[in-house]
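A.B. asks: So you can see what is in the structure, the chains are spelled out below.
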Amino acid sequence: MIDVSVAYNRYKFLGHEFLTWLWHMIETDKDALLAPALGMDDIYIGNRVVLENSSHNRDEVISIKGDGAGLEEGLLALQKGAKVTEINLVAKAGENEWRFSVKGESLNLSSLKPPETGNVEGVEDVEGAVLEKISLYEKAVNLTDHLYRQFVKRRLSPEWETQTVRQMTVWIGRAAER
Amino acid sequence: MGVLSSSVSITQYRVEGEMDSGFMETVAAALNANAIREIDNEPEEKSAGWTSFESPFKPDFTGSSFMFGTHLVFSLRIDKKKIPSKVVAKQLNMAVAKRLADSERETLHRNEKTEIKDEVIRRLLLKIPATPNMYDLIWNYEAKMLWFFTGLKAANEELETLFNKTFKLSLIRMFPYTGALLACDLTDIEKDRLEKLSPTMFFRGAA
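So the protein sequences, as listed, match chains A and B.
Under the numbering used here, the first sequence has 170 at position 170, and the numbering climbs by one with no breaks.
Under the numbering used here, the second sequence has 237 at position 59, and the numbering climbs by one with no breaks.
Accuracy of the hints is not assured; some may be wrong.
[Stated by the list, open to error] Just the calculated beta-carbon pair ranges, DEER-fashion:
# : chain 1 : residue 1 : chain 2 : residue 2 : range
1 : A       : 31        : B       : 366       : 27 to 35 angstroms
2 : B       : 331       : A       : 61        : 18 to 26 angstroms
3 : B       : 366       : A       : 57        : 36 to 44 angstroms
4 : A       : 9         : B       : 319       : 26 to 34 angstroms
5 : A       : 97        : B       : 242       : 41 to 49 angstroms
6 : B       : 202       : A       : 122       : 49 to 57 angstroms
7 : B       : 195       : A       : 127       : 49 to 57 angstroms
8 : A       : 57        : B       : 245       : 48 to 56 angstroms
9 : A       : 65        : B       : 290       : 32 to 40 angstroms
Simulated from the structure, these hints should not be mistaken for lab results.
Yeah, the Cβ is synthetic: ideal placement off N, Cα and C, and Gly gets one too.
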């Protein structure tokens, strides 16, 4: 295993490729993303996508914010060689909704809002409330872990270059023509 | 942001190593030994230690108070004192002027000025109360996983150091490389490919 601090910087690109792939999968093959065991029945892009283009010695950051914001700018950025560095996701299970952002370089979850839970009225409610929160956070963490595992298996397979990258190239090209 | 907040940030860790027998007693003793130390009325700038999730200003790890179901829940508390630089400058100026007047001199040696500054800061640290920050954590001992409820770099570094010192266990932060290597059940061929991986260009026509 490579030294952790060296690996963090060296493999940031893997996290960015994960989020870029995830956007592509959400738009083109969402059903393949969600395993029944996760208990989630939908996933879509939320209110924020951040992209970065570090090619050709430039550091360009493109942020798309706001509910219902068009992602065309992001698609154009992908066409210019940018990758997704942060993405806000919405996952649903029936009426319940989880909103959270994933940062590519760290895989940290931020602004995680699970479905609402009851108020804590007294000390005797704390343990129950914590356990309920844990089970709700677990859903978002397990989903992210599952998606990342799916990506890594694909990324390290020979099909990455022969199939996935080709499909993504076509998607980016078509999307930018919209 | 804490476990019960409406919105949280989570950094995931894998816990490496095993604890000796008597897990609960060992954890409780280790938490007590490394509990937050109050520095109000002390000439110290910073203190970091463990505190209770339910009573962060009065750490109590007796019994199984930190066990919630099968999870350990407690908090890292970091207390810091911040003295505004302009306050230091003013107090230093006054102290230097007094020393010059008392000694009937016109200048002070550089070392003497440094000593006066250290003393000024020491006195100010005694007067200023520390600002506490609490960061909750949930440790699933059986799954060897830990969630730390902040993405702040300094707090994460403090956690890694203190956790290792307290429990003699290592925390491995789960980021793209470690997540792939340790949590994706890679074959030897896949591990080899991971080590040699280089970035992909998705759109060949990129300008």
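A.B. asks: Could you work out which of the previously given hints the structure breaks and list their numbers from low to high?
C.D. replies: Per hint list: 5, 6, 7 and 9 violated.
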